[in-house]
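*Asks:* Each chain is listed here by its residues.
2 protein chains.
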Amino acid sequence: MERSEILLGKYGEEGDRLIFRVLDNGDFMKGVDTSLPSSKIASSISKRAMRYDLTVPFARFVAQHRNDLVFPFKRYQIQPVWRADRPQKGRYQEFYQCDADVIGSESLLHEVEFVQIFDEVFARLGFTSFQVHLNNRKILAGLAEAAGYGDGLGELAIALDKLDKIGPDRVVAEWMERGMPSQAVEVLAPILHEESKRSLEHIRGLIGGTEIGSIGLEEMDDILAQLDSLGLERADVVFDITLARGLDYYTGTIFEVTTDQMAIGSLAGGGRYDDLTATFGLKDMTGVGISFGADRIYDVIEHLGLWPDNLSDAPKVLFVNFGKEEARYAQQWLKSLREAGIACELYPLQSKMKKQMKYADDRGIAYVAMAGSREMEQEVVSLKEMSSGNQQEYGLEALLGLLGIKNP
Amino acid sequence: MERSEILLGKYGEEGDRLIFRVLDNGDFMKGVDTSLPSSKIASSISKRAMRYDLTVPFARFVAQHRNDLVFPFKRYQIQPVWRADRPQKGRYQEFYQCDADVIGSESLLHEVEFVQIFDEVFARLGFTSFQVHLNNRKILAGLAEAAGYGDGLGELAIALDKLDKIGPDRVVAEWMERGMPSQAVEVLAPILHEESKRSLEHIRGLIGGTEIGSIGLEEMDDILAQLDSLGLERADVVFDITLARGLDYYTGTIFEVTTDQMAIGSLAGGGRYDDLTATFGLKDMTGVGISFGADRIYDVIEHLGLWPDNLSDAPKVLFVNFGKEEARYAQQWLKSLREAGIACELYPLQSKMKKQMKYADDRGIAYVAMAGSREMEQEVVSLKEMSSGNQQEYGLEALLGLLGIKNP
Chain F
690 MERSEILLGK YGEEGDRLIF RVLDNGDFMK GVDTSLPSSK IASSISKRAM RYDLTVPFAR
750 FVAQHRNDLV FPFKRYQIQP VWRADRPQKG RYQEFYQCDA DVIGSESLLH EVEFVQIFDE
810 VFARLGFTSF QVHLNNRKIL AGLAEAAGYG DGLGELAIAL DKLDKIGPDR VVAEWMERGM
870 PSQAVEVLAP ILHEESKRSL EHIRGLIGGT EIGSIGLEEM DDILAQLDSL GLERADVVFD
930 ITLARGLDYY TGTIFEVTTD QMAIGSLAGG GRYDDLTATF GLKDMTGVGI SFGADRIYDV
990 IEHLGLWPDN LSDAPKVLFV NFGKEEARYA QQWLKSLREA GIACELYPLQ SKMKKQMKYA
1050 DDRGIAYVAM AGSREMEQEV VSLKEMSSGN QQEYGLEALL GLLGIKNP
Chain R
690 MERSEILLGK YGEEGDRLIF RVLDNGDFMK GVDTSLPSSK IASSISKRAM RYDLTVPFAR
750 FVAQHRNDLV FPFKRYQIQP VWRADRPQKG RYQEFYQCDA DVIGSESLLH EVEFVQIFDE
810 VFARLGFTSF QVHLNNRKIL AGLAEAAGYG DGLGELAIAL DKLDKIGPDR VVAEWMERGM
870 PSQAVEVLAP ILHEESKRSL EHIRGLIGGT EIGSIGLEEM DDILAQLDSL GLERADVVFD
930 ITLARGLDYY TGTIFEVTTD QMAIGSLAGG GRYDDLTATF GLKDMTGVGI SFGADRIYDV
990 IEHLGLWPDN LSDAPKVLFV NFGKEEARYA QQWLKSLREA GIACELYPLQ SKMKKQMKYA
1050 DDRGIAYVAM AGSREMEQEV VSLKEMSSGN QQEYGLEALL GLLGIKNP
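If you're matching them up, the sequences are chains F and R in order. Per the working numbering, the very first residue in the first sequence carries number 690; after that it's consecutive. Per the working numbering, the very first residue in the second sequence carries number 690; after that it's consecutive.
Chain F with its partners taken away, still in its complex shape (with noise of 0.2 Å):
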């Protein structure tokens, strides 16, 4: 939850609308004008908003504890967010971002790290074809002003974002309807087909001569350069100048990563922010980040079934529980398999043998250790392993060292 006034108008008009505000408890309507519109009336009852994203939150916390942080400052966050959009698969009102950022230095060798982290990420969670889609937000201004639109970088941009949704024509009809020069359409128009919008050639021979264009093409060579001298293990990058994210407040370096193995939209993004801190007092700061979507990249291994076979959550040993006397028994073996590590439970109630059993079976219980009277008097358990139907009995150390407790 953050004041409403550090997440208004930094998402641009889109996102300000899809902001979720919480109402001001008490008698809110109080002296409220209620001959007002609902969006002006929503600043006089509700102080508070919902996260839209991690990376606007950060910006203030940076700027908050600026003396107490030591810049370059880098961190990772993993938290929800909230946006009031029409839910659809994909598409969450409660989400998890996985983000990391670095604020205060301006080199791209951050861009180069962030592109190998997804590179790692996707590899590692078992993804086998994806792709890191880079653009620069300078290259796009760049565009602007050599198409003779030079101040018509916002509205290139939203309408631009929405490519994949929309397709080509009507993104054409968006630039025109926001009052694009028709000598600037003209020029733009093409770089929307599949065989212009991946060619930096193209684009360099459009914007070569603009000042801006011709920095955001520099740091897009060097980051090309040095991915392409470490060399990534199986991320496919790919220059895509339609690549233009909706949010306000990039203004160098934009990623967004897609797998082409299913239809979900990105599954990451991120770019350069620079001055994002000085909204929040803190000038002359420049930050770069990344965000993974969680909810989406659970839909896609789950799609794809990428789980690892051996996913278990269940505990290693269950203890059958025979009564009280014996429940006490189990009790102590369960201490002390627990203090060295090993997850173990002790069905709770003197419930029959069969559904004692049963629960073990379901819950994908390896072992089911049973001890009576005679198994209490020598000390041991008789334990069953569900897998081969072998039962035998341990001592507690026995017992230990067959679960790999080496020194118990």
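Wrong hints could be hidden among the right ones.
Same chains, same label: a pair holds when it works inside one copy or across any pair of copies.
In silico SDA-like links for lysine to any residue, alpha-carbon gap of 25 Å or less [unchecked claim]:
(1) LYS763 with SER1001
(2) LYS1044 with SER794
(3) LYS763 with ARG1017
(4) LYS763 with ILE1054
(5) LYS736 with GLU694
(6) LYS736 with ALA773
(7) LYS736 with THR723
(8) LYS1024 with THR817
(9) LYS763 with LYS1044
(10) LYS1005 with GLN766
(11) LYS778 with ASP757
(12) LYS1047 with SER1077
(13) LYS763 with LYS1005
(14) LYS763 with GLY970
(15) LYS719 with SER733
(16) LYS763 with SER1040
(17) LYS1013 with ASP973
(18) LYS763 with LYS1047
(19) LYS763 with ASP998
(20) LYS763 with ALA1055
(21) LYS736 with GLN782
(22) LYS778 with SER693
(23) LYS736 with GLY715
(24) LYS1047 with ARG764
(25) LYS736 with ASP716
(26) LYS886 with VAL926
(27) LYS1041 with ASP973
(28) LYS763 with SER1025
(29) LYS1041 with ASP757
(30) LYS778 with ASP949
These are calculated hints, taken from the structure and not from any lab test. Computed from a predicted model, the values in this text were never measured in an experiment.
Take the given structure of chain F and dock chain R to it, following the hints.
*Replies:* Below, chain R alone, put in the same frame as chain F:
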């Protein structure tokens, strides 16, 4: 975020007041009767609310997924909750709870294990003196009955819960305001005092004749006997009849953990809740759980200076940045070290040596690696151990060995 109706009415009157509600998006005021009081308007303009605790949303989850879960079902969960309380030391509007619950088993074994968890967690965090307070709502119900105020458990508990804050005299005053009969006040007032509130025998004398009270006493005796035979590492377990817990949903054992090393209120709590899932359509299920208040525990750790000395998030090695070519060389080393699981960084800019060394110092980085043209030619780095100032050359394999990687 939950649908409002999931949360409202589950936490008592005060709880409802403290739930943060989320404003609907769009034209939320349309059709709203603005002559109504704020509390009524809230229901028309907010369909969502923020979690007040983790237990009620968990009960909703269990009811919803009943067919996919194996019962007794255990889970732990660490997430933020929100309360519109007046913020003060130890009281936050947003804070993290760490919960563990079991749903679907009436066994008191769980109560015992939760006390063991309290004991282990606080001992491991370095607390030397802490108290696990135990009571049972059934004992409180028996007390109300024995005092001739059989339906008064709710009223009795609401005021009792404030004892630490307002003292015995004002609890008695509030009981009378809430309409407790004077003969009941006469029976109950004496239990508020230090000598008798900890005396299970005193309470046994008062309520032994009531059915509900006897059941509560039996449960308490069983739990205390089990804890006694198992032994605890460091927790003081104390029966406390004045422990009431404000939350409406508890029906059996209730817990609270405090430390006498700092006056900050409870650090953890919990209890048994029969049939909480029934409000979500899953009947005849009992649950029991505990919750750690992470932020308050953090406050105590801070206050008592319990953080470990060697707590560091610093990378192990910083590579000095001597320029473009040297940085490329360092990047290859970073790649190898990171593949071996060693956290390391290249200083991102070619800043003055002094500035780069100061960064290493400020971050508490153990080793600084330097490589100029000579080292690059010989495929080594000059490594400076920051604590001793010693400097020596290492090839990659030797460096991995130094950093504890056995078979690079």
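*Asks:* It remains to establish, for every hint, whether it holds in the given structure.
*Replies:* Here is what the structure says about each hint:
no.: 1; hint: LYS763 with SER1001; in the structure: between (33 Å within a copy, 14 Å between copies)
no.: 2; hint: LYS1044 with SER794; in the structure: between (61 Å within a copy, 13 Å between copies)
no.: 3; hint: LYS763 with ARG1017; in the structure: between (50 Å within a copy, 21 Å between copies)
no.: 4; hint: LYS763 with ILE1054; in the structure: between (41 Å within a copy, 14 Å between copies)
no.: 5; hint: LYS736 with GLU694; in the structure: both (8 Å within a copy, 23 Å between copies)
no.: 6; hint: LYS736 with ALA773; in the structure: both (17 Å within a copy, 12 Å between copies)
no.: 7; hint: LYS736 with THR723; in the structure: both (17 Å within a copy, 20 Å between copies)
no.: 8; hint: LYS1024 with THR817; in the structure: between (44 Å within a copy, 21 Å between copies)
no.: 9; hint: LYS763 with LYS1044; in the structure: between (52 Å within a copy, 17 Å between copies)
no.: 10; hint: LYS1005 with GLN766; in the structure: between (32 Å within a copy, 21 Å between copies)
no.: 11; hint: LYS778 with ASP757; in the structure: between (42 Å within a copy, 21 Å between copies)
no.: 12; hint: LYS1047 with SER1077; in the structure: within (16 Å within a copy, 60 Å between copies)
no.: 13; hint: LYS763 with LYS1005; in the structure: between (38 Å within a copy, 15 Å between copies)
no.: 14; hint: LYS763 with GLY970; in the structure: within (19 Å within a copy, 47 Å between copies)
no.: 15; hint: LYS719 with SER733; in the structure: both (10 Å within a copy, 16 Å between copies)
no.: 16; hint: LYS763 with SER1040; in the structure: between (53 Å within a copy, 18 Å between copies)
no.: 17; hint: LYS1013 with ASP973; in the structure: between (69 Å within a copy, 24 Å between copies)
no.: 18; hint: LYS763 with LYS1047; in the structure: between (49 Å within a copy, 16 Å between copies)
no.: 19; hint: LYS763 with ASP998; in the structure: between (35 Å within a copy, 22 Å between copies)
no.: 20; hint: LYS763 with ALA1055; in the structure: between (42 Å within a copy, 18 Å between copies)
no.: 21; hint: LYS736 with GLN782; in the structure: both (20 Å within a copy, 13 Å between copies)
no.: 22; hint: LYS778 with SER693; in the structure: between (29 Å within a copy, 24 Å between copies)
no.: 23; hint: LYS736 with GLY715; in the structure: both (13 Å within a copy, 17 Å between copies)
no.: 24; hint: LYS1047 with ARG764; in the structure: between (45 Å within a copy, 19 Å between copies)
no.: 25; hint: LYS736 with ASP716; in the structure: both (14 Å within a copy, 18 Å between copies)
no.: 26; hint: LYS886 with VAL926; in the structure: within (14 Å within a copy, 69 Å between copies)
no.: 27; hint: LYS1041 with ASP973; in the structure: between (70 Å within a copy, 20 Å between copies)
no.: 28; hint: LYS763 with SER1025; in the structure: between (41 Å within a copy, 21 Å between copies)
no.: 29; hint: LYS1041 with ASP757; in the structure: between (60 Å within a copy, 22 Å between copies)
no.: 30; hint: LYS778 with ASP949; in the structure: within (16 Å within a copy, 51 Å between copies)
When held up to the earlier numbered hints, the structure conflicts with none and fits them all.
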